[in-house]
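Chain by chain, the residues:
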Amino acid sequence: MFDASLTELAAALAAKRISSVELTRLFLDRIARLDGSLNAFITVDPERSLAQARAADRRLGAGEGGPLTGIPVAHKDLFLTEGWPSTCGSRMLANFVAPYDAHVIERFNAAGAVILGKTNMDEFAMGSSNESSWFGAARNPWNPECVPGGSSGGSATAVAARMAPAATGTDTGGSIRQPAALTGICGLKPTYGVVSRHGMVAFASSLDQGGPLARSAEELAALMNVMAGFDARDSTSLERPAEDYARELARPVAGLRIGVPREYFAEGLAPEVAAAVQAAIDALQKLGATTSDVDLPNTGLSVPAYYVIAPAEASSNLSRYDGVRYGFRAPEYDDLMDMYCRSRAAGFGAEVKRRILVGTYVLSHGYYDAYYLKAQKIRRLIANDFAEAFKRCDVIVGPTTPGVAFRLGEKTADPVQMYLDDIYTVAVNLAGLPALSIPCGFGRGGDAGPASDLSRGGLLPIGLQLIGDYFAEARLLGVAHQYQRGTDWHRRAPPIGH
Amino acid sequence: MSLPLSEVMRIAALARIAVSEAEAEAVRGQLNGIFAMIARMNAVDTTGVEPMAHVRDVTLRLREDIVTEADRHAAFQAIAPQVEDGLYLVPKVIE
Amino acid sequence: MDWETVIGLETHAQLSTRSKMFSGAATAFGAAPNTQACAFDIALPGVLPVPNKGAVERAIRFGLAVGGEVRRRSVFARKNYFYPDLPKGYQISQFEAPIVQGGALRIVLPDGAEKTVRLTRAHLEEDAGKSLHEDFHGMSGIDLNRAGTPLLEIVSEPDMRSAAEAVAYAKALHALVRWIDICDGNMQEGSFRCDANVSVRPAGSDTLGTRCEIKNLNSFRFLERAIEYEARRQIAICEEGGRIVQETRLYDPDRDETRSMRSKEEAHDYRYFPEPDLPPLEVTDAWLAAVGAALPELPAAKRERYERELALPAHDAITLTASRDTAAYFEEVVSGLAEAEQGGEAQARAKAAANWVAGELAGALNRAGLDIARSPVKARDLARLIARIRDDTISGKIAKEVFDAMWAGEGAADAIIERRGLRQITDTGALEAIIDGIVAANPAQVAEYRSGKEKAFNFFVGQAMKATKGKGNPVQVTEILKRKLAG
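Residue numbers (the working numbering), protein chains in the order written: chain A, 416 to 913; chain B, 5 to 99; chain C, 103 to 589.
Bear in mind the hints are in silico, worked out from the structure with no lab data behind them. Where hints are given, some of them may not hold.
Calculated pairs, BS3-like style, for lysine-lysine (alpha carbon to alpha carbon, straight line, at most 25 Å) [said to hold, decoys possible]:
(1) C/Lys571 - C/Lys557
(2) B/Lys96 - C/Lys232
(3) B/Lys96 - C/Lys181
(4) C/Lys317 - B/Lys96
(5) C/Lys217 - C/Lys273
Simulated DEER-style distance windows between Cβ atoms [what the hints assert, rightly or not]:
(6) B/Ala79 - C/Glu198: 31 to 41 Å
(7) C/Leu310 - B/Ala30: 55 to 65 Å
(8) A/Tyr783 - C/Arg345: 28 to 38 Å
(9) A/Ala681 - C/Arg345: 54 to 64 Å
(10) C/Asp473 - A/Arg463: 53 to 63 Å
(11) A/Gln693 - B/Gly37: 31 to 41 Å
(12) C/Asp354 - B/Gly90: 25 to 35 Å
(13) B/Gly90 - C/Glu198: 35 to 45 Å
(14) B/Gly90 - C/Pro355: 26 to 36 Å
(15) C/Asp473 - B/Gly90: 27 to 37 Å
(16) C/Met103 - B/Ala30: 53 to 63 Å
(17) A/Ala665 - C/Gly394: 52 to 62 Å
Since the structure is predicted, the reported quantities are computational estimates derived from the model, not experimental observations. In this text, a Cβ means the ideal position worked out from N, Cα and C, and glycines have one as well.
Work out the full structure: start from the sequences and follow the hints.
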């Protein structure tokens, strides 16, 4: 049952081979068994989950079920969930019980899905390793000594370890695709504006986008059909007719024009990742796709521009955490200023504070033009690069990350090193494009440690990134699905929980 | 570029984050590394490039002037650090 | 040395919408604390701004009314600072591309002189909440009901040169925002608030001195007194060779002085940047045209029309266009009068109406502290009263008595005239008889008049009016007296 796809689960529920309560219990039990070492969940509340499962069973019994009715889904802990703690991985919100539901949660609830729990994440989604969480790092199920990636590390771990059939995440600079790649699952970052940000705790407003994590492209399509949709409460939500994200799953790859950006295969890319990605491109060619080189000349500027824009917006978005109306307030203080400063110093972790300081600086008087405005101009150049590339190809294909999962603590001392690993993902967010990551192989990593730690000879997953033009999600999912019909990377499970 | 310690302290105060001088000194090195990385932006001439603040050229939707929100202050204040008589309490505000 | 005071005003007009600038919470004044502060207003995580069309439309109305440029594309920006009454830690405002750029306002000074004050800009933003300083165990209480209320911040150029000019500008602006129905103008409730930027310079200089911003000017009187105090303070410093420090100062009405605001002393660094949650605000030509078409005739245009079409003197035209209610009242009196008279000379009717509205009625309203919209004497009723003067039913003097009775609620003019028997005596025979009696009874005064003392004539008029209890038709009385006294 843990390896069943969403479609198979829906069929089992519809045929009454299993009830939602039973299914939910199975996953809750597995979480209880495994999560002590993996730390994928911040909050699990069996009573609430089972109450929802009972309601789903009634709905299924009445024949009113949809594709996700009764299926448990884990949610990144920055989607506000009424009555649930919604901590954002931060001490600041450790005791924050959300008084309303995010749009994404409303939609899953309306679909009859069961909230399985709230997943671990880098604090306020700032990080690529899940190590900045106030609740401790989530672990990579392929090797618990390694990071699962971030910031949606808990969601990726939960899905990869079969503790949840599917999960939600958010992607500001790669936070869905990168952990999906490092844990061997699939993750989609939709076109900016397709998934409502209402009720999603903001990190960088112009970049943040919610999306699904699951084990196959087909499942991502089913999840997108629930998650995506116009929401008037988000002024950046795009008002478009509803679409079926599964509509291109069956479309053959033949005739697909793949663009391969030279810049994504340059210095810094681990040879084993380059080889796996090349093998995937070859497989797509065998399916009838053609390839050509495309230029994304400003790729090298994407990380610097991103690390100006994202912290700038974050510094402002996180000003509301001041200890006045909700959230952490320092127990002792001298006066108002001191209350602010101590609450924020103790409520935020080191990475969040670092980014707030960077963001405050780049917006401050006299530096705005040199940093923020400059970064916005580079953002335009990056978006233009993609627009040029999509004149000559349908999909851009490359690696999701420069290497496989690294060890906990390996990159915490040097934030810049960690930031530079975002090189293949952040440009997509700056341009607002859709992209997904799917597994395409395994590697050992530079320092994978003793083989006894690991299954399959100490291997860690490698992700393939597919980038599409605006609103090309269905096409991306179709290409990924066709690839997955002929490969089994996405079916490989980490060696745990047997 | 290298940030002086005083500048780190100034930004921290502006951001309302308490830092000791020792902490500021530690974070200064990291910030300098980050700003050195950011300085790579200067490699490209952006003269005449239109800054991009939003992903797509969309226009703002406007809401009709209708009251849609009910009073939920009891629920909101249940998660507040300190309230009295419906007010959020903070250390004395001096004007 | 002679000094010149230079003043610019920044005015925050609360826009009279039902809901807030970026949320659907109510804006009504006086609700229990935090009962009108929704999830967005208290800045819960994840809640996003959605702008109010009614607020934008009001800003457009203002832009058109002052002849400013209404931007087709304006940009919301975040102004970042920490304050307990600012829940998000930033205020959504407009910075580089405000919705209204430029424009001007014509002001009339107390001595009747007129002047044009240029406007720099007007932009949309959200209001902050309130800090209540009553003692909560040494703490302050925060009420966020006002947080998010739409404001139009109207910034003038430093075109004013005295406290009186600043007050005239503020009053003209106050009248205009009410006229175009974008703000209720209630200063006690903080719906219309002014900050003044004041500097001084040697007379004749054309460079600006260092300015101080004075806050908390919530009445025209405080505005005037604060500027006067501040100008005196700055001049005194300059004359002693000191330098003005640029700062924010608070006016203390109890002590009638301004003092430095400690909390605002920290160097301002608002870190403005475009609001990423809001795409640019677009105003289409069609919308602009529709708002323009729905705009009422503006006070300046109306005043000009009163002077041109109705031949009213400037001071009457100014008084009658002081507010939209006053103008509406006046116009209703004029049309009521036209109906009652069916013909006759329009300009004379207008003048008669103007005299009454700007004279007797204004005085009575002023004494009673009433707004014209709440006048106990309605425009149509006043028109009937004036009609009775103009058709010689009563004299102007008697009309005042009738007006007082109408004010006291005794009914319509005609009923009062009949009940009290105030109808003018126009029977020539009756008047001649009375006047004959007076002439006969006062031979000495007759002799005086006839010897050339024209002044004695007034004595006879007085006697005649007294004898008729004021009801003698003054024109007839004069005519008869002249005839009789001529001997």
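To see whether the hints hold, each was checked on the structure:
| no. | hint | in the structure |
| --- | --- | --- |
| 1 | C/Lys571 - C/Lys557 | holds (22 Å) |
| 2 | B/Lys96 - C/Lys232 | holds (13 Å) |
| 3 | B/Lys96 - C/Lys181 | holds (23 Å) |
| 4 | C/Lys317 - B/Lys96 | holds (20 Å) |
| 5 | C/Lys217 - C/Lys273 | holds (13 Å) |
| 6 | B/Ala79 - C/Glu198: 31 to 41 Å | holds (38 Å) |
| 7 | C/Leu310 - B/Ala30: 55 to 65 Å | violated (46 Å) |
| 8 | A/Tyr783 - C/Arg345: 28 to 38 Å | holds (29 Å) |
| 9 | A/Ala681 - C/Arg345: 54 to 64 Å | holds (59 Å) |
| 10 | C/Asp473 - A/Arg463: 53 to 63 Å | holds (58 Å) |
| 11 | A/Gln693 - B/Gly37: 31 to 41 Å | holds (33 Å) |
| 12 | C/Asp354 - B/Gly90: 25 to 35 Å | holds (29 Å) |
| 13 | B/Gly90 - C/Glu198: 35 to 45 Å | holds (38 Å) |
| 14 | B/Gly90 - C/Pro355: 26 to 36 Å | holds (29 Å) |
| 15 | C/Asp473 - B/Gly90: 27 to 37 Å | holds (33 Å) |
| 16 | C/Met103 - B/Ala30: 53 to 63 Å | holds (56 Å) |
| 17 | A/Ala665 - C/Gly394: 52 to 62 Å | holds (55 Å) |
In summary, the one numbered hint that this structure violates is 7.
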